[in-house]
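Fit chain B to the given chain A structure using the hints.
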Amino acid sequence: MEKVMSNKGVIALYVLPALLLLLGVVYVPIVLTGYYGLNDWDGIGRMTFIGLRNYERLLSDDVFWSSAGHSFLFALLSTVFLALYMAVALVLSGRIKGAQLLRKIYLIPMLLSSVAIAQLWLKVYHPTNGILNGLLESLGAEETPDWLADPAIVLGALFVPILWQYAGFYILIYYAALKNIPASLTEAARIDGANSWQVALRIKLPLVWEVVKVTIVLAVVGSLKYFDLIYVMTDGGPNQASEVMASYMYHKAFREFNYGYGSAIGFFLLIVCLAATWIIRRLTATKDPIQYS
Amino acid sequence: MTTSSSPPAARLRPNEAAGRSVFAGVGRGLLYVVLIAAAVLQLLPLVWLLFFSLKNSQEVFSLPAFALPKHLRWENYENVWSQGNIGRYFFNSVWITAASVALTVLLASFVTFALTRMRWKLRPAVLGLFMIGMMIPVHSTLIPLFLLFQKLRLIDNQASLIVSYTAFNLPITIMILLGFYVALPREIEEAAVMDGCGVNRMFLRIVLPMTGSVAVTAAIINMIYNWNEFIFVNTFINSDSLKTLTVGVQNFVGQYMANWGAIGATLMISILPILIVFFLLSNRIVEGIAAGSVKG
Numbered sequence: 001m002e003k004v005m006s007n008k009g010v011i012a013l014y015v016l017p018a019l020l021l022l023l024g025v026v027y028v029p030i031v032l033t034g035y036y037g038l039n040d041w042d043g044i045g046r047m048t049f050i051g052l053r054n055y056e057r058l059l060s061d062d063v064f065w066s067s068a069g070h071s072f073l074f075a076l077l078s079t080v081f082l083a084l085y086m087a088v089a090l091v092l093s094g095r096i097k098g099a100q101l102l103r104k105i106y107l108i109p110m111l112l113s114s115v116a117i118a119q120l121w122l123k124v125y126h127p128t129n130g131i132l133n134g135l136l137e138s139l140g141a142e143e144t145p146d147w148l149a150d151p152a153i154v155l156g157a158l159f160v161p162i163l164w165q166y167a168g169f170y171i172l173i174y175y176a177a178l179k180n181i182p183a184s185l186t187e188a189a190r191i192d193g194a195n196s197w198q199v200a201l202r203i204k205l206p207l208v209w210e211v212v213k214v215t216i217v218l219a220v221v222g223s224l225k226y227f228d229l230i231y232v233m234t235d236g237g238p239n240q241a242s243e244v245m246a247s248y249m250y251h252k253a254f255r256e257f258n259y260g261y262g263s264a265i266g267f268f269l270l271i272v273c274l275a276a277t278w279i280i281r282r283l284t285a286t287k288d289p290i291q292y293s
Numbered sequence: 001m002t003t004s005s006s007p008p009a010a011r012l013r014p015n016e017a018a019g020r021s022v023f024a025g026v027g028r029g030l031l032y033v034v035l036i037a038a039a040v041l042q043l044l045p046l047v048w049l050l051f052f053s054l055k056n057s058q059e060v061f062s063l064p065a066f067a068l069p070k071h072l073r074w075e076n077y078e079n080v081w082s083q084g085n086i087g088r089y090f091f092n093s094v095w096i097t098a099a100s101v102a103l104t105v106l107l108a109s110f111v112t113f114a115l116t117r118m119r120w121k122l123r124p125a126v127l128g129l130f131m132i133g134m135m136i137p138v139h140s141t142l143i144p145l146f147l148l149f150q151k152l153r154l155i156d157n158q159a160s161l162i163v164s165y166t167a168f169n170l171p172i173t174i175m176i177l178l179g180f181y182v183a184l185p186r187e188i189e190e191a192a193v194m195d196g197c198g199v200n201r202m203f204l205r206i207v208l209p210m211t212g213s214v215a216v217t218a219a220i221i222n223m224i225y226n227w228n229e230f231i232f233v234n235t236f237i238n239s240d241s242l243k244t245l246t247v248g249v250q251n252f253v254g255q256y257m258a259n260w261g262a263i264g265a266t267l268m269i270s271i272l273p274i275l276i277v278f279f280l281l282s283n284r285i286v287e288g289i290a291a292g293s294v295k296g
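Protein sequence lines, in the order shown, are assigned to chains A and B. When we follow the working numbering, the leftmost residue of the first sequence carries the number 1, and every step to the right adds one. When we follow the working numbering, the leftmost residue of the second sequence carries the number 1, and every step to the right adds one.
Rather than coming from a laboratory, the hints here were simulated on the basis of the structure. For each residue, glycine too, the CB sits at the ideal point set by N, CA and C. Among the hints, erroneous ones may be present.
Listed below are the simulated DMTMM-like cross-link pairs for lysine to aspartate or glutamate, each with C-alpha atoms no more than 25 Å apart in a straight line [claimed, not checked]:
hint : chain 1 : residue 1 : chain 2 : residue 2
1    : A       : Lys123    : B       : Glu78
2    : B       : Lys121    : A       : Glu143
3    : A       : Lys8      : B       : Glu190
4    : A       : Lys123    : A       : Glu143
Just a sample of chain B residues kept apart from chain A, beta carbon distances all over 12 Å, derived [claimed, not checked]:
hint : residue
5    : Leu68
6    : Leu72
7    : Trp74
8    : Gly87
9    : Ala98
10   : Ser239
With the rest of the complex left out, here is chain A (with noise of 0.2 Å):
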């Protein structure tokens, strides 16, 4: 039995096709792209070894760091409403009628892919047409904003068909993790006359809490490298007032074919999620985590 399930050949026939994919398209690229951004170079011309000077003009690039402040604002905004999601889920998670329905409507839009999903708030958005604007209208409002024209309000407007299409996932994730909880648990509290919301805090949010590191992490990263909807919607417009990191480093590298800076940019991201994942995984460390199963 010891022999046959440790055998080599099996283990690296099976092992290696996915992992040599991986390496190959995933980890050697990423490789490649910290070397590329040591780099001057168009992608067609000899590539010039600059050593840190793409770095050393990213740290000066007043517009890196606006799109960079752009990312970490979705990336703490998104913290933030996982709180709001979690409510949610506890109350699903209670005895409410049709929970299950619920649950898969807030998740339709997480189906979507965000070219649907933009286009189709490019036209909510819609100054003279779009819903919004004409309920507006419809309250009495005089003048109307242009929503993504406008750059004060072009982040807010841009953050919004981003919860509506996560919200979903993140309550249904919540929702997993508190049906998961042995009913014993909780009712032994409620017998000790612990209300709702001491049920809800002290007893369901700590055995859940695994959970929540994750769905943090997920937040935070997915915020980091956002893209599809912000380049569809906006392409970082206007006048860059919504460019985040990953729509910054793409028009550096394929649309002024600065493949050095844009490489520089790419390896920051990545430098930036990995590190975003430690840390949030060291602040949100417990001691020793509940085991309830």
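Frame of chain A, contents of chain B only:
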């Protein structure tokens, strides 16, 4: 939230309990209102999309947002289907999604089996590589991948998409499969080995068929991701006839700036397959999404 349940309420004096249950009743009603309002908000933009996909340009501007015209303009759908390349994009999306999903789930099943049931030294390291793979942004690999595919003459070739989709979806697929494989009873392997059955036969004939349900769940999640993928197609594919629905729709919509009916119909065609799959398999999808992230 559910304070009307017996144990705590039973300890209160009768009149207090009655007061609380009225309060709880109102609170509950309010909760339902909020929950249903949220559901309406989630659906409203899609209903509006359906409505304007059935109007002509004039009706979009003259009729209220949530009113249908007397004559439903189904011809919008016919027109966009016959005029543009939508049919072509649709076919491309179907086959690329199908090929990538099949490849991903198959490769992931092999790896998961080796990771969970077999004994080898590098196991934790390989598992770690796959798990960290989930955190890596596509954009950090995009330039080298583009240049690599250029060298291999795979730019403007759909193979570049299938390879990329498979590699980037292996981690999440393995994560979904992992819990199920760990829970398989040891006795299966013991019995198989006793009967002189090799590992290959055991995996292909016994284990793989047993994991059918979780493989289907993983396949559905993969399908949703691949069907909706944008950045790789946008970067690697130039020819219009090779594009998938997501990118095709994006270009197509650009040509119809003012024709809302055509845009609406195009968007409806692009989201309909996913919606149909969702209505048919919603339990599986819900379960798959929960499994993919909760069992971290």
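* What hint numbers does the structure not satisfy? -> 2
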